[in-house]
Each structure stands twice: as structure tokens, then as C-alpha cells.
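Keeping the supplied structure of chain A fixed, place chain B upon it in accordance with the hints.
Residue strings, one per chain:
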Amino acid sequence: MKVTTEDALHIAQLARLRFSPEELEVLRRQMESLLSHFSQVSELDTTGIPPTSGVLPLVNMMREDIARPSLTVEDVLRNAPDREGDCFRIPAILEEE
Amino acid sequence: MNPLLRRPAHEILPMLSRGELSCRELMEISLDWMSQTEGRIHSFLTQDGERALAKASALDQRRAKGEMPGPLFGLPVAVKDNLATKGLRTTCGSRILEDFVPPYSATVIERLEQGGAVLLGKTNCDEFAMGSSTENSAFFPTRNPWDLERVPGGSSGGSAAAVASGQAFLSLGTDTGGSVRQPASFCGLCGFKPTYGRVSRYGLIAFASSLDQVGAFARNVRDCALLLEVIAGYDSLDSTSLHEPVPPYLRELENDPGSLRIGFASDWLAMGLAPEVERAFHRALDTLRGLGFAIESISLPHSHYALPTYYLIAPAEASANLARFDGIRYGLRVPGENLKDLYQATRGQGFGAEVKRRIMVGTYALSAGYRDAFYLKAQQVRTLIRRDFEQAFGAVDLIAVPTAPSTAFRLGEKVDDPLAMYMADLFTIPISLAGLPSLSLPMGIEGGLPVGLQLVGPTLAESRILQAAWRFQQATGLHDLVPPLAGAPRA
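First to last, the sequence lines map onto chains A and B. First residue of the first sequence? That's 5 in the numbering used here, and the numbers climb one at a time after it. First residue of the second sequence? That's 131 in the numbering used here, and the numbers climb one at a time after it.
Chain A with its partners taken away, still in its complex shape:
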């Protein structure tokens, strides 16, 4: 099981994680060793075996849409790292040309 530096960098981008080159190299080697170990599962023939995504026999749970008390705007914004009025403040999303 080979994980290249490019692979590790790509995965870090997907996961929105930043690493120093040294950290990434340690992680790359650990991923290689862990994924090699975990790829044991490929030894098993699972043709026709349905996947288990959850253990409960539950399907969509429906309920009446009943109004109930909810959090106030102030409660919701109390943990905001940055706010402006009743909004979360974030850096610009649309880049200027």
C-alpha cells in the first residue's frame, strides 16, 4: 500500500487540514502503514454481501411538524468567533477579479 506525498497533500486539501512538510511526511508514512494493515479486509470475498451503514432496522422517521421553543439569536451567536449584528462575520467568499 503506497501513499505518495502528492496523495497525502491531496487528501489534506480535501480535508481542509494544513501540515508542515515534516508533519505531512510523518503522516504519510503512518497512513501507509495503517492502510496496509486495514487492507486485510480485501482478503474476504464479499460478493453479494450488502453493506451495513447502520445497525437499526429504522427507515425514515417521520413526525408531525410541531412548533417548539428554540434557541434565541443571541444564544446561537454567543460562541461566534466574529459577528456583525445578528450575522456571523467571515472573510470574503467571492474573490475580486
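Take these hints with a grain of salt, some might be off.
Restraint-style ranges between C-beta atoms, simulated for each label pair [what the hints assert, rightly or not]:
#, chain 1, residue 1, chain 2, residue 2, range
1, A, L18, B, Q166, 29 to 37 Å
2, A, V77, B, K470, 25 to 33 Å
3, B, G420, A, P73, 54 to 62 Å
4, A, L62, B, E228, 31 to 39 Å
Honestly, the hints are just simulated from the structure, not real lab data. It should be emphasised that the depicted structure is a prediction, and the values quoted were computed from it without experimental measurement. Here a beta-carbon is modelled for each residue, glycine too, at the ideal position from N, C-alpha and C.
Just chain B, lined up with the frame of chain A:
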């Protein structure tokens, strides 16, 4: 220490309800013991002593006015720091939530408080419940009250250490792959992971949603039944909550479970077991036979694949669940030049090494080109593992297996070797993948350290497990154990 703190909760509660002991008085004794011991054990990330005293006084006043006391009236309890507590900091053991104060409480917290329990504070855990030793806490490790140089297990290590040391009578943990049962084993406690869906997870900060379950710690089986009865039950706020009535676990506890057939899987012992655990386990099987239970050999042939299966599925789910920690609405924000830069900087700084490792492995297993070979394959193997259990429970009523392959290991012993750390959950993970209820309870003390036995049942067989466990505990006398820190070691 004050001997009241070593008494079982079920003996203290009637004293509190009748007013023979005031809630305030007991709380003062508890907090005093906490201040004497916390500097050595480090069970708590956040202590809430002042509020606990005020709540205890308020309960005393309500009793004086003739109000009916709840089932946990006035009892000092501790809860893991991945359960949201309104107005009380909830960090999940992570820097990314270091200053997070939830605006609401988890359903299990509300049930505890409605039952009259008083929270002492929030207990230490591996960051986002990812770990088996509590060493992955971003803040500090917790020590095992049986030996301060050893880990209490994890990830609910703080909750286990708090109850074992006598700081709290009961506590809540959470169990995704063994995080209640394994620390219970390492700390000489009862630790119950109920059937998936039995206890509400509303307000539990999600790690791996198809596996996470809230569990109970206690020093004896009766107290464990009491706590489980308070927290179990349907919750409309959790869409994976089971709509099934909760049996009166406590009232049914001493009922005769009949001549149970208990399965013993020899393929599990071959997976690697410390000799002292194997010794204690064979003694436990003899004790179970002596109680009139039939021990029968069963086969769970895919158990060998449970560890890799779990470590593909759980990180994959975690990588999705932890996407919410982005520095926008709550938690740490590290400024960046643009939004993507902000995300990467926040998550890069806010998460610890193990959490990042699992997010990377999980993202890899879900990424284009690898999803079928890893994630889908693991989900199919999970079906095979579940079928093994279904088949076994056609022939036996319960399964007995050691909780962990070893007793508590030393701090630092496994921190640099992720795979060695993962192995600590070898015997708890298959049960988690099948979503089954399992109780760990002490089956011996070897070299001064407790060893746990798991009793595993089919879906919703909590009562049967408790009945068998109660008889086992009566036969062995291994309950309400006192670690050296809290007094003389038990002979």
C-alpha cells in the same frame, strides 16, 4: 477519605431522600475529596463546584417543601466532556472547542438533572473520543487511581477515574469502539454500553454516528442498572433513538435469569491476550458455571477483521462529522487570507495529531478511487461480523469475553504507535460494529490491577446482562473495589 464516598449509590440515595444526610453536606464532602485528589488524578477538564453546592442546597430546600425526590436525588455525578452542558464549557478534549459553552444540554444531561443528580464537572477524554488511554486529550492525561503511572483507559478515562477514585458516585461516558468498557476494565468498574439507539445521543458531539452510544459507569451492578434506567429511552430529538419501552432494570435485577447458555469464542482468545487476563477469564468461566450457567463454545469467525473494519468505518464517519469544525459559527478561528485559508489554519491548529490522522485516513477511505476498496468493503465485512453474532445468539443467551487484551498499561507506552493503541479495543470493537449491548465488570485483580469481563447480549437484552452480572458480582465479591489511592488495597 470520608467512608460515605465509598458507599454504593443505592445505599446513599435513601439517606439523601429521607434527609438523614443533606445534599449540601454530601456535596461538601465530595468536593473536599476532589480537591485532595484531583492534583494527582486529573479526572476533570472543568470543575463546577460552586454551582454544584448551590444546586445541592436547592435540592435540600425542595425536599423540605415536600417535593418527591428523583431517583438520583442529590447524588454527585460526573459527565464526559463530549456531552453538551448548557452554560458549562464543553471542550471534547480539543483545543478547537477550548472555549465553547453550549447553549443547550444533551438529553442525557437533562435526564440526570431531572432525576436529581448534581454535576461535579466535565471529565477528561481523548480528543473527540479518539483514543484508548485519555493521553490524546489536548489538555493533560488522566491517571489511573490503581496506579498513578498507568492510564485509566479511554476515551472516557476521566469519567472512569472519577468514579474509581470516589470523586463521583456515578458517571457518564460514551462508547464508539470500547470507550466505556475498556476504561471500566482498567479502573475496576462496571461500564455499560447499551444497545445502539437505547440511549439518546442528542447533544453528544458526534465522532462516528453509526457506532456512538452513551454509556454508564458505576462501582457495582445495581448502581449501573439505576443509572441506565435514568438515561435510557426514546428521544424525538435523536432520529436513531429506539422507540422501545425501557424495562425496570433495577426491579428486574435480582430476578432469576434461568439456566442461561453463555457462549465463549475460542477464536477471540487466539487474537492475543496477556496471560494474567487469560487466567482471570478462565476463573470467570468457572464462576459462571458454578452459578448454573452452561458455557458453550461458539464461533465468531470474522472477528479477526473487526479491527481493520472499524478503523476504516469510524475514521470515514469522523472525517464527515468533524467537517463542521470550520471556525465559522463557534470554536477556534485562526484568521486566514481567504475562507479556505481560514479553514485550513483553524483545523490545522485546532485538532491534535490523532484526530488529524483519523480525518486523513477517513478522507482517504472515502476519496475517489478508494471508496469501494476501503469504505464499501468495510461496510460489507461489517455485515459478516453482525451475521456471526446473529448466528451465535441463535445458540446462546449471552457471550462472555475479556474486555481488553491486557490490564492498564503505562503512560507513554503506546502513544507513539497508533496501531498498538488501537489493539487495546480488540475485544470491544466487534460488539460495537454489531450494535450490541455489553457490560464490562471486574473479574479479577492481577498484579494489583483490575481485569474486566464483558457480558454481551443480543439487541435490547440489557436486563438479562444485568441479571447475570449481578449474580457474578455476588459470587466473586468483586464490586465497590477500593483502589490504593482511596484507601488500603483490597486483600
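Worksheet item: Which hint numbers doesn't this structure obey?
Response: 1
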